[in-house]
Every structure is written in structure tokens, then in C-alpha cells.
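Sequence order for the protein chains is A and B.
Under this note's numbering, the residues of the first sequence are numbered 1 to 392, in order.
Under this note's numbering, the residues of the second sequence are numbered 1001 to 1335, in order.
Be aware that one or more of the hints could be misleading.
Pulled from the structure, derived: some chain B residues nowhere near chain A, Cβ distances all over 12 Å [unchecked claim]: (1) Arg1026; (2) Tyr1036; (3) Glu1039; (4) Pro1065; (5) Lys1095; (6) Pro1104; (7) Leu1260; (8) Asp1282.
Each pair of labels, with its calculated beta carbon distance range [unchecked claim]: (9) A:Leu136 with B:Asp1282: 40 to 48 Å; (10) B:Gly1315 with A:Gly307: 52 to 60 Å; (11) B:Met1177 with A:Asn31: 41 to 49 Å; (12) A:Ile54 with B:Asp1131: 37 to 45 Å; (13) B:Asp1116 with A:Asn31: 24 to 32 Å; (14) B:Met1177 with A:Phe33: 53 to 61 Å; (15) A:Phe298 with B:Ser1047: 31 to 39 Å; (16) A:Gly307 with B:Met1177: 34 to 42 Å.
Restricting the straight-line Cα-Cα distance to at most 16 Å, the calculated cross-link-like pairs of lysine to aspartate or glutamate (EDC-like) are [as the list claims (entries may be wrong)]: (17) A:Lys293 with B:Glu1086; (18) B:Lys1132 with B:Asp1116; (19) A:Lys349 with A:Glu107; (20) B:Lys1326 with B:Asp1301; (21) A:Lys293 with B:Asp1091; (22) A:Lys293 with B:Glu1087; (23) B:Lys1096 with B:Asp1116.
Don't read these hints as lab results, they were simulated from the structure.
Small disclaimer: the values here were computed from a predicted structure and weren't measured.
Even glycine gets a Cβ: it sits at the ideal position worked out from N, Cα and C.
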Amino acid sequence: MTDRTGTPLTWNQRLDAPSRPAQSRLRESWNLFVSNRLAIAGFVIFLVFFFLAILGVFLTSGTQPVCDPSLVRLEEKLRPPLSRPNVNVLSSQEIPPLKIYLLGTDELGRDVFSRMLQGAWVSLTVGFVAVGISVLIGVFMGGMAGYFGQNYVKSGHVLGVVLIGAGFALLGMERWTAFSLFLIAGAAVFFFSGGYLRSWSRGPGNTSFPAVLHLPVMTVDTLIMRTVDIMLCFPSFFLILTVVAILPASMYNIMIVIGLTSWMGAARFVRAEFLSLREQDFVTAAKALGVGKFRIIFRHMMPNALGPVLVSATIGIASAILTEAGLSFLGFGVPPPHATWGNILSDGKNFIFDAPWLTYIPGIAILVVVLSFNLFGEGLRDILNPKLRERP
Amino acid sequence: MSSANDTLLSVRDLAVSFRSGEGVARAVDGVSFEIYRGETVCIVGESGCGKTVSALSILGLIPSPPGEIVAGEILFHGLDLVGLNEERLRDIRGKKIAMVFQEPITSLNPVFTIGDQIAEAIEIHESLPRDKIHQRCLELLKDVGIASPEERLQDYPHQLSGGQRQRVMIAMALSCMPELLIADEPTTALDVTVQSQILQLLAALQKRLGTSILYITHDLAVVSHIATRIYVMYAGLIVEQAATDTIFKSSKHPYTQGLLASLPSRLKKGQQLPSIPGTVPDPAHRPEGCPFHPRCSFAIDSCRVEFPEMCDYGGGHLSRCPVLFKDVSGEGDRP
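Chain A on its own, in the form it takes in the complex (with noise of 0.2 Å):
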């Protein structure tokens, strides 16, 4: 057989030609993505809060900001947007730098467009953060309960948890020594129970160890799916507002609350998707290639199961955003000199029929960056999962 020039073809060559599929799986996501205008829409604006929070960080902080979101003008108070400072009372460091209060001012004249700024970047962080944060445990307990799901918990891991939780609380009471014993018990049980010892002496015949500690009591995945069942059970604003109150407020403690209470989706679409991953002959044919339990659970497993939980984790970005904002709209938020979006409305409530703009501008702020999250989430999902997709 010969090719089109006449030369002879090696038979690797006439057989199994490449065959390149016409368009690439980027491309062809790329152009999904371009024809939802919505979904291009929502990401715009995020492009767009995403560089004037980092605008803001750098304008509004330092001992010398471009723009000050605390400077006080009393004699400037409640001037509408637009509205020109009168140069004659302030003095020249006071008159911010545009010549204008674009936002207008506060009740204490202090400008809105810096104070929105600032709170810009307080969104931004408290998103992103917040919903690293739970989906990096949502991850973790959902890759955990699917790979691990059919493993028994014995009742030598409750022993020990229970013997490291009474050692916590000997620490509460400042007993060292009884803090120590009890932790290296409960670690020495919990390991042990774990069939560690089991594997040094083989055979069910080994009774060199307390056979109490190996009596099964329920499947990992039982009670990782159980605690995200009791976890979904509250209701979450109330139960961050109850936290946020006991703790001393600031921005990083409602981060990690936020996370903390919002992980329990992404748990359950990586367990979805470990599940069926886990019989794919590909997990089955890096076992036998020597590939080690975790790199197969976070480098074979886990990207094949990140699509659903990006989606959900750009719509928990809007949430997270909304629920910051209802925290600082309620007092409960990032404490008062710095200016979020939550507490630039709460503030302004008091004087919606003198200035509404000090409502409307931090609520419309709230509601088009959350409105382009979740547009831009609903896009990623129309991408990501061929079988949403509406066909022409």
C-alpha cells in the first residue's frame, strides 16, 4: 500500500491513523460559553468587581488613600450623588480626588464611592475565602465518604476520639500531665483499632489484641453523610449569627464561620461522583500500575469530580457575599470604622427618605454582583454538564 506521493506506508502508519476530533473540548466549551450572553454577562461584571476591589485596596488603604472612606466632613453631610464639594469650608485634603462625590456622602459626609470601595474588596475576600474554605472540607469529606464509604468505623476510633475529647476538656481545666496521657491513649487506640496491629500479625486467630476495639459501628459514610444530614438541618444564617455573636468580630472569623457552614453541597457531589468514579477501570488500572490510595482519590479521582462542585461553589461565592452582607446589615459583621456593603445599608436605613441613594447604591451593588455569580454559575453548568444542555 502506498500513500498519495507513491511512497510505501509502514504499517503503523496505514493502521490506526490519528484521528483529531475536528474541534477541541475547549473550543467547544468556549463557544458554549460565548452564545449564553447571560452567562458572559455575569462574568463581565465579575471581571469588573473582581478589579475594582483590588483597585479599592490599593486606593483606600496606607496612612495617605487617594480616596479616605473615614475622613469626616460634617458640613458635607447627606450631598446626593454627583453633587460638587464646596470648597470653600473643606480644606484641600479633604475634597476628594475626582472633584466629586460620585456616590454622594454619608450622614457624617464621609464619601460613599470610597467607603463602597473599601466594602468591595470586604465582599470579594469574604467569597472567595468562605467558599475555599468549605470547599476545601466539602472535598475532603465527600472524597473520604465515597471512597472510603464501605469501611467500618470501629468502636476503637469512637474510644479514642472520646479519650482525645476528654483530654480537651482536662486542658480547659489546665491538668497538663492528664492532658498528655490522655491524648497519647486516645491516638494509641484510635490507631490501633484501625487494623494497623492487624496487619503485623495476620488471621482472624490473632487475638494478641482486645477484639472489643475492632466491633464495627458504622460505615464512614454513615457518619459523614449523617453529620451533613444534622449540618443541613439548621438553619444557617441563625446558626452563624449565634457563632459570629459568641465570637469577637472580625472579618476572618466570619470567613471561617461561613465556611464552616456552607461545605455540606460540595460533600455531597464529590460523593456522588466518587461513588460511581470509584468502579471506573481507570481507578482499577492505576491501583494495579501501584498508584498509592490518595494520589488515586486527589489526582486520578478528584478531577473528574471538581465540575458540579465548581458550579456550586461560584453560586456559594454569591451567598456567601449575600450572607456577609446580612451579617454586617445586622451589626454582626466586619466591625465598624472599616466599611462593608452590609453596614453602608444598615447605616443608611435611618435616612432612606432624606438620602436613598445610601440605600440604593449598596443594594444594587449587592444584588448585580450576586446576580452575576449565579448567572455566571448557571453558564458554567450548562458547560460542564453536557446533559443540561438545551440542544437547537
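Fit chain B to the known structure of chain A by using the hints.
Same frame as chain A, now just chain B:
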């Protein structure tokens, strides 16, 4: 026969059972076989007779909770792989014993390039610098007959055809020069022309690398091309074992004879192909006595009660059918 020193893998009385809702299913029920250095051994049998389970248990890949190796030993260079701890097993998997699976479509991870996946196989077992690994990947792809390997390394599995993917799987399996390659029906999902290419490829690579191959299949036509020795499995048991020629020329077990009779051939042109009536018994409910007796035309009363022992015909030819053995020896006794 090869000497005992050449024994690479020796499986003795392996029994694997799976716990299910209906009770315990003994998928593999006392299987013994040997693999010598550099030979190709075939395990032949119908679907559900325990071929794949035997292969998976060599690598310790039986999914356990439901499955468990209940008895027997798997000696690899004299080291028992049953109950070996996970870490030492991982050193053997891929490095000393590698496996090629049935479905090339699903055996490659869809999110990594071919290059990444072959490189990983090497990375895990050998500490080589990056460029050396890349070099090795290229050589491997060339060895398994993939055109323009440099470009294929960048491809994702979905960009390759079934035959190419199976070649990639073979490249991955051979990446660390294993002493034993387990091929679990590697050609079943491929069409006949590609199938023969893969078989030729395996034979050529075996000649060069001296790897032993354990080839699992249900297809006697494939077996006749490559096998040195054949083990015929039925319902979790080895029912007959012999060199390839012996099996094809003078099989001494009704099941093997039935399998051979059902092969299409030019001599049977125009006739209806014979088949073995019935199906493999459910591993949870095996019949008493010989597991094959409900489907066997030679079955006598004792088959329903007595479990058949291996009958030695000499020269490594063993068959688990006392009825045919009695016939042969009976004829010999007659004056």
C-alpha cells in the same frame, strides 16, 4: 517442562469468595497454576467462571468489603502476595507485575494526557529526571507501534482510537519492564484486525523483554496463536491444564471438548455450530459433585455426588474428569 527454579508465579489452592445478599459466592474455588519465566499462559473459560477474579487477586485488587481471599497462597518468587501489606504490594504492582485491562476506552483517565499517564507509571517506581522519563515515554510509544509518538504524548485519551488506547495501556504496563504481564481480555473490545495486531505486538514485546504473560480470554482462537500452556477454568475451578497442542489435539475434559467443538472452522462449513447447553452455574449455588455435570453429556451417577479430582495423563496434562480417565485407563487394562 521447565525446572522449578524458573517458576515466576505459583498460585496454590486460591479461593476467593464474595459476600452478597444471598450468601457467600465462591467465585474462585481452589485454583492452582504456575507461570514460568518467559512463557505465555492462557486461562480460558466462559464469562463468570472466575478468570478475572483470579487475575485481580494476584495483584491484591479484589474489592474488599464484598470480596475476600479465603484460602490459598500466591507465591511470586517465593513471596506470598496474599496478606502482604499494602505498601509492599504497591512496590510489586506496576513494577514487577503489570496488568492490561479489557476496556481500553475506560481504562485511561480522561483528564490527563497520554504522556502524563505513562510518565506517572514510571515516576511511581523509578526516580528518574524529567527528560529521561520523557525519553522513555517516547520509546515506549514507539515500541507499541504508535505513529508520531511526540504528538500523541500531548493527546488526551478521547482523541485516540480504541486500538491506540490499548497500545497506550500496554505501553504503561510495560513501562517498568515487569516480569509478569497480566492481560485480562485485552482484545475483547477491539475488532478482529486490531486484535491480531495487538496479539502480534504482545508476542514481539515478549520475545524482546522476556516478560511472562498471563493471558485471560474466553476466545480459544486467540489462545491457539500465543499460548505455551493453557488452563481451562469452569465455575471457579481449573478443569483441564496442558500444553496448547495437547489441549487442541487430545483434550480430556468434556467442557474443553465442548469449547473446541463450538469453534467455527472451515471443516464445519454449512453445518450448525454445536454449543454447550445451559450456562455457568451461579457461584452462590454450585451443583453438588462435579460442577459441570448438569451440562455434561458424559455425566454418570457418581458425577452428581463425587467431587472430581485431577487425573494425571502425564507430561503436565491434567484433567478433572474421572469418567473419561477411567475410559482411557480401562481400555489400556483390557487384554
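For B:Lys1326 and B:Asp1301, compute the direct alpha-carbon distance and say whether it is at most 16 Å. holds (14 Å)
If we take the beta carbon of B:Glu1039, is the closest beta carbon in chain A still more than 12 Å away? Nearest chain A Cβ is 21 Å from B:Glu1039, so the label holds.
Verdict on B:Lys1095 as a residue remote from chain A, using beta-carbon distances over 12 Å: Incorrect as stated: the minimum Cβ-Cβ distance to chain A is 6 Å, not above 12 Å.
Closest CB-CB distance from B:Leu1260 to chain A, is it above 12 Å? Non-interface label on B:Leu1260 holds, nearest chain A Cβ at 31 Å vs cutoff 12 Å.
Does B:Lys1096 pair with B:Asp1116 here, judged by a C-alpha cut-off of 16 Å? violated (21 Å)
53 to 61 Å was suggested as the range; check whether the CB atoms of B:Met1177 and A:Phe33 agree with it. Cβ of B:Met1177 to Cβ of A:Phe33: about 45 Å, so the range 53 to 61 Å is violated.
A:Phe298 paired with B:Ser1047, Cβ distance criterion 31 to 39 Å: holds (35 Å)
Hint check for A:Asn31 and B:Met1177 - Cβ pair distance inside 41 to 49 Å: Because 45 Å falls inside the window, the suggested range holds.
Is A:Lys293 close enough to B:Glu1086, meaning Cα to Cα at most 16 Å? Since the Cα atoms of A:Lys293 and B:Glu1086 sit roughly 10 Å apart, the hinted pair holds (cutoff 16 Å).
Cβ separation check - B:Pro1065 to all of chain A, threshold 12 Å: Incorrect as stated: the minimum Cβ-Cβ distance to chain A is 5 Å, not above 12 Å.
A:Lys293 and B:Glu1087 were given as a pair; does the straight-line alpha-carbon distance stay at or below 16 Å? holds (10 Å)
Compare the distance between the alpha carbons of B:Lys1132 and B:Asp1116 with 16 Å, and conclude whether the hinted pair is satisfied. Holds, because 14 Å separates the two Cα atoms, which is no more than 16 Å.
When held up to the earlier numbered hints, the structure conflicts with 4, 5, 6, 14 and 23 and fits the remainder.
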